[in-house]
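Enquirer: Protein chains in written order, with this note's numbering: chain A, 35 to 459; chain B, 35 to 459; chain C, 35 to 459; chain D, 35 to 459.
Think of the hints as simulated: they come from the structure by calculation, not from any bench. Hints are supplied without guarantee of correctness; some may be wrong.
Identical chains blur together in the list; that is why a pair holds if it fits in one copy or across any two.
With a Cα cut of at most 20 Å, we get these calculated EDC-like pairs of lysine to aspartate or glutamate [stated by the list, open to error]:
hint, residue 1, residue 2
1, Lys448, Asp436
2, Lys102, Asp218
3, Lys392, Glu302
4, Lys228, Asp377
5, Lys276, Asp152
6, Lys389, Asp152
7, Lys259, Asp436
8, Lys236, Asp372
9, Lys228, Asp309
10, Lys163, Glu113
11, Lys227, Glu293
12, Lys282, Glu293
13, Lys102, Asp44
14, Lys392, Asp430
15, Lys448, Glu159
16, Lys228, Glu141
17, Lys392, Glu373
18, Lys160, Asp309
19, Lys160, Asp430
20, Lys102, Asp229
21, Lys182, Glu373
22, Lys385, Glu119
23, Lys424, Glu457
24, Lys166, Asp309
25, Lys424, Glu369
26, Lys181, Asp218
27, Lys385, Glu369
Just so it is clear, the structure is predicted and the values come from calculations on it, not from any experiment.
There are 4 protein chains.
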Amino acid sequence: MTKKQILFNDPIYGFITVPDPLILEIINHPYFLRLQRIRQLGLTSLVYSGALHTRFQHALGAMHLTMKAVQTLRSKEVEITKEEERGVLIAILLHDIGHGPFSHALENSIVHDISHEDISVLFLEKLNKEFKGKLSTALNIFNNTYKKKFLHQLVSSQLDMDRLDYLNRDSFYTGVSEGVISSDRIIKMLNVKKDRLVVEAKGMYSIENFIIARRLMYWQVYLHKTVLSAEFLLVKILQRAKEIASSKFQVSNSKLQEELFCTPALREFLYNHHDKKAFSNLPLVKGEKGGLLEVFAQLDDNDIFASIKVWANHPDPVLSTLCMNLVNRKLYKVEIQDEPFSDKRVNQMKKEIQKKYKLKNSEADYFVFSQLVSNDAYRPDKIHINILYKNGRITDIAQASDQSYIAALQKTVKKYFLCYPKEIF
Amino acid sequence: MTKKQILFNDPIYGFITVPDPLILEIINHPYFLRLQRIRQLGLTSLVYSGALHTRFQHALGAMHLTMKAVQTLRSKEVEITKEEERGVLIAILLHDIGHGPFSHALENSIVHDISHEDISVLFLEKLNKEFKGKLSTALNIFNNTYKKKFLHQLVSSQLDMDRLDYLNRDSFYTGVSEGVISSDRIIKMLNVKKDRLVVEAKGMYSIENFIIARRLMYWQVYLHKTVLSAEFLLVKILQRAKEIASSKFQVSNSKLQEELFCTPALREFLYNHHDKKAFSNLPLVKGEKGGLLEVFAQLDDNDIFASIKVWANHPDPVLSTLCMNLVNRKLYKVEIQDEPFSDKRVNQMKKEIQKKYKLKNSEADYFVFSQLVSNDAYRPDKIHINILYKNGRITDIAQASDQSYIAALQKTVKKYFLCYPKEIF
Amino acid sequence: MTKKQILFNDPIYGFITVPDPLILEIINHPYFLRLQRIRQLGLTSLVYSGALHTRFQHALGAMHLTMKAVQTLRSKEVEITKEEERGVLIAILLHDIGHGPFSHALENSIVHDISHEDISVLFLEKLNKEFKGKLSTALNIFNNTYKKKFLHQLVSSQLDMDRLDYLNRDSFYTGVSEGVISSDRIIKMLNVKKDRLVVEAKGMYSIENFIIARRLMYWQVYLHKTVLSAEFLLVKILQRAKEIASSKFQVSNSKLQEELFCTPALREFLYNHHDKKAFSNLPLVKGEKGGLLEVFAQLDDNDIFASIKVWANHPDPVLSTLCMNLVNRKLYKVEIQDEPFSDKRVNQMKKEIQKKYKLKNSEADYFVFSQLVSNDAYRPDKIHINILYKNGRITDIAQASDQSYIAALQKTVKKYFLCYPKEIF
Amino acid sequence: MTKKQILFNDPIYGFITVPDPLILEIINHPYFLRLQRIRQLGLTSLVYSGALHTRFQHALGAMHLTMKAVQTLRSKEVEITKEEERGVLIAILLHDIGHGPFSHALENSIVHDISHEDISVLFLEKLNKEFKGKLSTALNIFNNTYKKKFLHQLVSSQLDMDRLDYLNRDSFYTGVSEGVISSDRIIKMLNVKKDRLVVEAKGMYSIENFIIARRLMYWQVYLHKTVLSAEFLLVKILQRAKEIASSKFQVSNSKLQEELFCTPALREFLYNHHDKKAFSNLPLVKGEKGGLLEVFAQLDDNDIFASIKVWANHPDPVLSTLCMNLVNRKLYKVEIQDEPFSDKRVNQMKKEIQKKYKLKNSEADYFVFSQLVSNDAYRPDKIHINILYKNGRITDIAQASDQSYIAALQKTVKKYFLCYPKEIF
């Protein structure tokens, strides 16, 4: 008699209603459920101990905001059909489905030449088959091949529901109030003109705040030097593990031939070289039913961290030292500057560390290295954030603001990081 | 046996502890208690209905933050004596004591050539006498004649505890999250170098956020066009009331000679011209015991609003129309632009309104007028916000930021407002 | 082209959408706008300084929650027509329209034998005439004469939207977290069975929390001894003012014949005896256009407080002392106990005060008095809070809870207050 | 020059200051750092997806509140020496150090006859040796052998800082506002009389709220039927894994002799029977340096979950089914009632499941079972919560409250759970 409401508890929005049985089925699919075991912010909790939230929560949250945006747009007589609503909700729900555990670290070590966006498309296509084509509209919106372009903008643009959710969510869990934005106000001010998403002029200050909040969250959280230091360490660990796993290494280090402890899914990626082609070409990998994608879908944060803890006792001193350092939060010391660090200094440090730790030449790179990190606060060369005035005029936010400071943010910020062991220098 | 703790409830900080019996006596003094009846944001509640908080709460809140700042500075071995602590706390507690009801409107109509800062000094001096010199340090800090200059900076500078409190407080009560700042983080990062307040480099992003938050609160709240429209209306009301109160007017409008309803304190300011001199010279006004300052101390929001409601039935059609409009929230329509409005257009509108409402020449100014409003987000020509690096270098925030956008904010923003009755044009 | 959305800013709910032009007209009516100048919690801000919110905000908030409840009920296939929705929203919006300033104090001094509920009905009827019968459904729902009884329960019952809003709102502004309830969760769990509002069993713990939160807010805030002390003082002030206004008093105190300062609206109620009959019988009072109700609608907090400040200098020492005490927050000392205070002790205190202050016999009652205060946490003799189980069974919450503690809360709590001047005893 | 402040970010308290280098060393010890990888609420995130916070955060939070309590007590002239402060802070910091991953599940399957409190003592003693006796006071306070008993009450009693932190923290991360308490107010009202912790009468309502909040969090979160269903499933998984690991099983199931995938630390506990004695007697286990405790310290949530995911493909159909169900959130269906479920019904269900799944007799217990769950809201037979009146009288809260409802909460609530596979019945 009473229609059953499916509600998810969310500390930020209270309740998230699932509007549709198909969407509920997708949420309950193992591919999506695995996002419960993948943290949104990887190792950030080493600095902001509350930052343990998962991609699962973020995906639901972004879907929730998209529902609200659809409601607002409809109240302003923008036409969105039932099928389009479902499509855009599924597209945003699955926009991050291709992320693996510690995604950025993984993309630099475990998989090759394939981005999480590529993998998202693979998952979407796979699910579309499984659900007999019911995800076609979602796929089109995701790939921006759907006729109404503004729907794609809700999913992926400089003012998409992804960003609106993650800024508030990351802010909530880290306690960094600099990231608080008024997603409610921004969504209420959304409109569509000539198939483009626009923000009514009354929302302009909220947009300014949104752009600044994103900039500040980048440097205060996402690119926080200790967070990056931990992520670099993780990349080095995975690279070393992969090196050990390679046959070449095993021959030259006979006494280290001991097989690396790891889960079967992680083994697949450590002991093989998998690139974009491997993902699409291999329907069946070693008897696994779903191909490489299915194996990838087995991976989550637990595989990585459980293995690293065991590797902390591995006979290879490079691997065990790196792992011990991560487990016990002995991170690299980091220096930051606007200019590249001189090769001379870096090489000098490498030499010293090599001597002190008795390392081979190539092994010093695991302990001393320099990295470039960059970020754009606002990129109007990408899809603009457009402000709609009462008289119908539409202007890019950088021009709309009464001060030129948003325009000033278009410059890319570059910072150079130099990492080395704390106890050494 | 148990020392009694005096606690004030505050929805933002939970509890505010009063650290000192002298400070408690000041809080309980009628001069300070009257701030309970003066709203921090005047007529802003007509737009943001929650913005009813008082100068009393803000003063206590700013004192609370100052206590925390003192604690932080001491933990960093900045010397602050017991007497200096008390002084700076009293100085911040009383920094706004000179505000009257609807302060900005009043300064433009009821009192003349005297600012609320001037009146604050008068109150401080009066209280210092009453408390037998115990407020001397506070007075010196307030006037910036105290040797340790950083104490004055806590009370009044571009990064004072006043601003830290009011941004969060106004944000809380209006619900405008764009004003949220991390006062906790900023205070923890404070330090003193060469007698100047500095912020350690780790707090730089919080400072950027603070500067932007202030800019956004100005345009989203403090200078919100409907808020200003209401304030302009209040100024016009008080100007008209003053005109009516003047003998000249009464002669020329014999049938309007009816005395204006008002409280005795308000009458004093309506029926007389009081400027800076009047405040300092007149020890006793009409038998009142404390002089003009004492009469001023009787005024609060209730006097103004109770009178305006009665004036809504006054025989003068200008006064009654203006008052009726304020009471029933029929505010001016407002246009905003970056350039001055043409005299031609304004005069044309005045003519039309004069005709329609059967007004005298001069009376049209009450209904149609143009105003310039300006704001600076950051003014390094005033006392700088200084960033302290680990290596001891100190830089202004506009230079310290890795992007030039803070520097871009130094430009004064000017906006021109044109106000006229909604129903006319 | 774009339908205009009317949004009110609210620090608790973010935005409140006004769903209907008629409702917007009612909100903009002077009768409703006056609620902007009447605080929800009267003098509570003397203890909880943030508690300055108005009945205007609360009325909008309760309407907002009712909209959500209507949405939830409809999603569970409870039929609510467009006209019924509008009716129930208007009914809740106006449920408190009959409150005057400092309502409880006023009902005990200024008006006689008429409750604010009675006055609410008068306002509703008046507005219904003005809006040509469009408020008829609202009136029927308000008076519980509408066929669907559950709509009245949303407006007025032990689990109405009034309570859901005020608990969270008062909690927010006082900072007393004991009053926080999960109105979101409760509303999502609402349903209707046999024309009664019920709560699905999953919401049972939220209901327990709601009942306890209300109990705690009563004793922690609404009946806080200092808050009541201030309210008693206000009642005494108004009673004394009324006594002075009466001709009898003026004859016997010739030197106090000075007319009391007050606004015209307040004068009407001070210098006349107005009861229920007066409100309904007198269509025109002294030439006022709208009758006594219209005069009542002129009153707000400003009239009362502006007058009291002037009375603090009135020649009657009883009146001026009481007023000075309120203005300067010198409240009665309060003792509380579960038994009545002995007449002997009270009379003894009265004698002493009479002697000390040189008072007449009857005047001692203004300074020393005893009062009974009582509260019920849950009254199942009123409309029950019903819990609906999955199997369709419906049970009162007191029986539904797995512990008998809710049943234990049905006992009325009575407390006796004794008030007297702090400095005396 | 500037003393370095060590701050931890916390989304609830903002910053947590570490007051002491010794405490910082303890926080950075691997034993404590592992708490970063152990969730406070185990599998609760399957229902409340935000509930991912760790025992690390909770331990720091409880220490933070204890610092505040010490500050309050000192301001009331309760003597607490520097050494005692450090002791009580370390005791609360380490009060949960003995928890393993998914503690309650583990205690019922992996370790035997040893509670997490026992293990906490072992860790404390081990660390005390490592830190050369500097933790002796902490140990004494923890074990309640220290002379000042109120210090132990801060760490472990019905009103300890543990509960104050976890209620607010769990409430924050789950979004269940029923658990919000006013820890700030409660702490400000603490005092010590006759070496007992007491709460001043003004805090009585906050205590009532605290007791109710705890009751509600138990049934709404900690004992939520779906949460328990997941925990029961985990226990069953570990029991089955242990059964498979036992030699007996391997003989009888030759084709299932395949070794269970697991981390070395988990293997130690799966393939051996370790009870209290094992923990204390075995200084060295299989060459591990620190004995069994050291191995236990290697375990965290990652070991368990990484293994379970692999076991989902194990040849034993019981194990793989159970694991697949947990990984894909296909939890038991749960019925709850106040009386035990009839053996007849349970046995009937077991028979059916046995038949359907082709299980051995004993294996049906993994799929159908009944459990008793009980909870006490307030147990005055344990250490009382004492209310201190102004006149010096001290009373238990159950008597102090003006209503008997707290007393009514002393009854233990018992509920019977029946679990079985969703798809079957």
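Enquirer: Work down the list of hints and note, for each, if the structure agrees.
Expert: Against the structure, the hints come out as follows:
1. In this homomeric assembly, lysine 448 and aspartate 436 come within 20 Å of each other (Cα to Cα) only across copies, at 9 Å, whereas the closest approach inside a single copy is 27 Å.
2. In this homomeric assembly, lysine 102 and aspartate 218 come within 20 Å of each other (Cα to Cα) both inside a single copy, at 9 Å, and across copies, at 17 Å.
3. In this assembly of identical chains, the alpha carbons of lysine 392 and glutamate 302 never lie at most 20 Å apart, being 31 Å within a copy and 34 Å across copies at closest.
4. Neither within a single protomer nor between protomers do lysine 228 and aspartate 377 lie at most 20 Å apart by alpha-carbon distance, with minima of 52 Å and 37 Å respectively.
5. In this homomeric assembly, lysine 276 and aspartate 152 never come within 20 Å of each other (Cα to Cα): the closest approach is 23 Å inside a single copy and 41 Å across copies.
6. Proximity of lysine 389 to aspartate 152 under the C-alpha cut-off of 20 Å is found in neither arrangement, the shortest distances being 43 Å within a copy and 46 Å between copies.
7. Proximity of lysine 259 to aspartate 436 under the C-alpha cut-off of 20 Å is restricted to the inter-copy arrangement: shortest distance 15 Å between copies versus 33 Å within a copy.
8. For the identical chains of this complex, lysine 236 and aspartate 372 are inter-copy neighbours only, at 16 Å across copies versus 37 Å inside a copy, given an alpha-carbon limit of 20 Å.
9. For the homomeric pair lysine 228 and aspartate 309, neither the shortest alpha-carbon distance inside one copy (40 Å) nor that between copies (58 Å) is at most 20 Å.
10. For a Cα distance limit of 20 Å, the shortest separation of lysine 163 from glutamate 113 qualifies neither inside one copy, at 28 Å, nor across copies, at 40 Å.
11. Taking CA atoms no more than 20 Å apart as the test, lysine 227 paired with glutamate 293 passes in neither setting, with 60 Å inside one copy and 57 Å between copies.
12. For a Cα distance limit of 20 Å, the shortest separation of lysine 282 from glutamate 293 inside one copy, 14 Å, qualifies, whereas the shortest one across copies, 29 Å, does not.
13. With identical chains, the CA atoms of lysine 102 and aspartate 44 are at most 20 Å apart both within one copy (16 Å) and between copies (18 Å).
14. In this assembly of identical chains, lysine 392 and aspartate 430 lie within 20 Å of each other by CA distance neither inside one copy nor across copies; the values are 57 Å within and 46 Å between.
15. In the homo-oligomer, the alpha carbons of lysine 448 and glutamate 159 never lie at most 20 Å apart, since the shortest distance is 36 Å inside one protomer and 50 Å across protomers.
16. Within a single copy, lysine 228 and glutamate 141 get their C-alpha atoms no closer than 38 Å, and across copies no closer than 49 Å, so neither meets the 20 Å cut-off.
17. For the homomeric pair lysine 392 and glutamate 373, neither the shortest alpha-carbon distance inside one copy (31 Å) nor that between copies (69 Å) is at most 20 Å.
18. In this homomeric assembly, lysine 160 and aspartate 309 come within 20 Å of each other (Cα to Cα) only inside a single copy, at 18 Å, whereas the closest approach across copies is 48 Å.
19. Taking the closest pair of Cα atoms, lysine 160 and aspartate 430 never come within 20 Å of each other, the shortest separation being 38 Å inside a single copy and 51 Å across copies.
20. Taking identical chains as interchangeable, the C-alpha atoms of lysine 102 and aspartate 229 lie at most 20 Å apart only when both belong to the same chain, with a minimum of 19 Å there against 31 Å between chains.
21. For the identical chains of this complex, lysine 182 and glutamate 373 are neighbours neither inside a copy (44 Å) nor across copies (39 Å), given an alpha-carbon limit of 20 Å.
22. Proximity of lysine 385 and glutamate 119 under a CA criterion of 20 Å is satisfied in neither setting, with 59 Å inside one chain copy and 47 Å between copies.
23. Taking the shortest alpha-carbon separations for lysine 424 and glutamate 457, only the inter-copy value of 19 Å comes in at or below 20 Å, while the best intra-copy value is 61 Å.
24. Proximity of lysine 166 to aspartate 309 under the C-alpha cut-off of 20 Å is found in neither arrangement, the shortest distances being 28 Å within a copy and 54 Å between copies.
25. Only between protomers do lysine 424 and glutamate 369 lie at most 20 Å apart by alpha-carbon distance; the minimum there is 12 Å, versus 49 Å within a single protomer.
26. For the identical chains of this complex, lysine 181 and aspartate 218 are neighbours neither inside a copy (27 Å) nor across copies (37 Å), given an alpha-carbon limit of 20 Å.
27. In this homomeric assembly, lysine 385 and glutamate 369 come within 20 Å of each other (Cα to Cα) only inside a single copy, at 18 Å, whereas the closest approach across copies is 67 Å.
In summary, the structure is inconsistent with hints 3, 4, 5, 6, 9, 10, 11, 14, 15, 16, 17, 19, 21, 22, 24 and 26 from the numbered list given earlier, while agreeing with the others.
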